[in-house]
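Here is what each chain is made of, one letter per residue.
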Amino acid sequence: MSTATRSLPRTIGAHAILLTYTAIALFPVILVILNSFKSRAGIFGAPLTPPTPGTFDLIGYTTVIGQGDFIHYFQNSLVVTVASLFFVLLFGAMAAFALSEYRFRGNSMMGLYLALGIMIPIRLGTVAILQLMVASGLVNTLTALILVYTAQGLPLAVFILSEFMKQVSDDLKNAGRIDGLSEYTIFFRLVLPLVRPSMATVAVFTMIPIWNDLWFPLILAPSEETKTVTLGAQLFLGQFVTNWNAILAALSLAIMPVLILYVIFSRQLIRGITSGAVK
Amino acid sequence: MAAQTRPKRPVRWHIGIFLAPAVLVYTAIMILPLAGTLQLSLFRNVSESQVFVGLGNFRTLFGDPNWSVGFWNALRNNVWFFIIHMLVQNPIGVMLAALLSSPRLRFAAFYRTAIFVPTILSFVIVGFAWKLILSPLWGVAPHLLDFVGLKSLFTPWLGKEQYALIALSLISVWQFVGIPMMLIYAALLSIPEEVIEAAECDGITGLSQFWKIKLPLILPSIGIISILTFVGNFNAFDLIYTAQGALAGPNYSTDILGTFLYRAFFGFQLQVGDPNMGAAIATMMFLIILGGVCVYLFLVQTRLRRYQF
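Residue numbers (the working numbering), protein chains in the order written: chain A, 1 to 279; chain B, 1 to 309.
In case anyone wonders, no lab produced these hints; they're calculated from the structure. The model shown is predicted, which means the values in this text are computed figures rather than measured ones. Ideal placement from N, C-alpha and C gives every residue a C-beta, glycine not left out. Take these hints with a grain of salt, some might be off.
[Stated by the list, open to error] Residues of chain B placed beyond 12 Å of chain A at every Cβ, according to the derived structure:
(1) Val53
(2) Arg59
(3) Pro65
(4) Phe82
(5) Phe154
(6) Thr155
(7) Lys212
(8) Tyr252
(9) Gln271
[What the hints assert, rightly or not] What follows is a list of derived Cβ distance ranges for each label pair:
(10) Gly63(B) with Asn107(A): 42 to 48 Å
(11) Asn107(A) with Leu87(B): 38 to 44 Å
(12) Ala46(A) with Glu194(B): 52 to 58 Å
(13) Leu48(A) with Asn66(B): 42 to 48 Å
(14) Pro91(B) with Arg267(A): 26 to 32 Å
(15) Trp80(B) with Phe188(A): 46 to 52 Å
(16) Val79(A) with Val51(B): 37 to 43 Å
(17) Asp202(B) with Val79(A): 55 to 61 Å
(18) Ile17(A) with Asp202(B): 25 to 31 Å
Just chain A, with the same shape it has in the complex:
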């Protein structure tokens, strides 16, 4: 590259803008986490300073852990997210393989039919989904949520995965066929391991909305037994409007697992997004 693109003032300007925006993006998160470790006086007296020995207090956390059944909600969220993710990836990859590998009548129609769900949000079918779940006795079960999230995640998964499966070399698959492998073995043993990176991308895209969803837990599974973290936090926050320690601690508890996972996986996530999956 020529030097024309790298002048000092321009670099400083770019950093200034990016730093400012980074501050805006992180400020609320940091503010909430810092203040969750303070006493009430500390929260209101000096909201912008980090906790000092004088203001440090874990009262909020003890309230939250004593009151809400957060561990249980967390388990529910984990079960729902992991199970939905498993089915989306398995079913999505199978359908994507069928669509990208075989020529059959109605192939492109099927692709279009499955892609319809990318544009039309599943939420609009809520009224009938609730009736369906009531009729089949699945209301207030995690199964209902897993089914809905599997359906919700499939369109995008099929779309992205079939793009990637087209890139798997035909020679490899044909070599497998000549060696007498069945189509199922070719899929599970040859193709799946090769598209693992794109499976990771799809996993992240599918996981975030499921973990964060409030609508379906609120409507399909609001019982104490089946509450997810997001719904539990929402109801908990509503109850403790005046207990700021508890609210800030609950918010921090809800932020931290996602944040830790994100910091661990951000490389894969960003590589996935920028690798052209959604261009």
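Chain A is fixed; fit chain B onto it per the hints.
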């Protein structure tokens, strides 16, 4: 040879088996309920049984002031919500992406990761955290304004009818700016070096290079982002619900179609829930989103120039 009958092609069962689970789940949980919702909007519950009323529910929705005022209000607010996203979120996203993609920028990975953090947080966290920050009780917002000497500008934005919707839209922008940033960033990275070098040989650098070379090349991505924003905005519910409750206060000033649907379906305070009216509203949302997607696919996308390298 001619007498030999052509061997019948074996039925390829595996195709069906590969497709079946996805198609079954998707059809049963997504397509049929969507169709069922559209169908339900044509019925009404009269003395414990569903009676076909044709477009009667829509006549109620648009004709009865109890419904139509709420509907038009929600639609107007939703359009505003979308306009603010288009005017604020996408330009900021493009700007950040352009800065991030500048060659040999240090800490680019750090900025990328940090700016994307709000996007991974749930609406519940975002709504509540901002509610606390903007709350006059806590005083963080006036405190911060005081630093720049603008303390007099502070009002409880979320509690005032004229500001609440704008404040919530900006909170939503804050949360989702990472998505346009990432998609545009990906598009900018995929512009080949040769194109940029050719531009530099012609003396086009810096800002004019962005406007004249890069922007036309990333227009398709901006189109995709616009339609994603559109679908997301007209389907939004969570942020308003967590920050302002199902009543979308103050005085319905932040009511959008998602919260309106929720209230119609489940009822609130004095009004009992009505699945049929809920279905009618969901049908309207369906038509609006479908209309937007069609406008994009047939009017915008076909006119976008695509460049192949």
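Verification of the supplied hints:
With a least beta-carbon separation of about 16 Å from chain A, Val53(B) lies farther than 12 Å from that chain, consistent with its non-interface assignment. At the 12 Å boundary, the C-beta of Arg59(B) stays outside the reach of chain A, the nearest C-beta of that chain being 19 Å off. Annotated as non-interface, Pro65(B) keeps its C-beta farther than 12 Å from every C-beta of chain A; the closest such distance is 24 Å. Non-interface status of Phe82(B) relative to chain A is upheld: no Cβ of that chain comes within 12 Å, the nearest being about 15 Å off.
Phe154(B), annotated as away from the interface, keeps every beta carbon of chain A farther than 12 Å; the closest lies near 14 Å. With a least CB separation of 19 Å from chain A, Thr155(B) remains clear of the 12 Å interface cut-off, as annotated. Listed as outside the interface, Lys212(B) is consistent with that label: its C-beta sits roughly 15 Å from the nearest C-beta of chain A, beyond the 12 Å cut-off. Non-interface status of Tyr252(B) relative to chain A is upheld: no Cβ of that chain comes within 12 Å, the nearest being about 20 Å off.
Taking the minimum C-beta to C-beta distance to chain A, about 16 Å, the non-interface status of Gln271(B) holds against the 12 Å cut. Taking 42 to 48 Å as the suggested C-beta distance range, the pair Gly63(B) and Asn107(A) conforms, at roughly 46 Å. For Asn107(A) and Leu87(B), the Cβ-Cβ distance of about 41 Å falls inside the hinted range of 38 to 44 Å, so the restraint holds. As the Cβ distance of Ala46(A) to Glu194(B) is approximately 56 Å, the hint placing it in 52 to 58 Å holds.
For Leu48(A) and Asn66(B), the hinted distance range of 42 to 48 Å is satisfied, since their beta carbons lie about 47 Å from each other. Range check, Pro91(B) to Arg267(A): Cβ separation about 28 Å, and the 26 to 32 Å hint holds. Remark: the range hint 46 to 52 Å for Trp80(B) to Phe188(A) is upheld by a beta-carbon distance near 50 Å. Take Val79(A) and Val51(B): their Cβ atoms lie about 41 Å apart, and the range 37 to 43 Å holds.
Remark: the range hint 55 to 61 Å for Asp202(B) to Val79(A) is upheld by a beta-carbon distance near 59 Å. Distance hint check for Ile17(A) and Asp202(B): the Cβ-Cβ separation is about 27 Å, which falls inside the suggested range of 25 to 31 Å.
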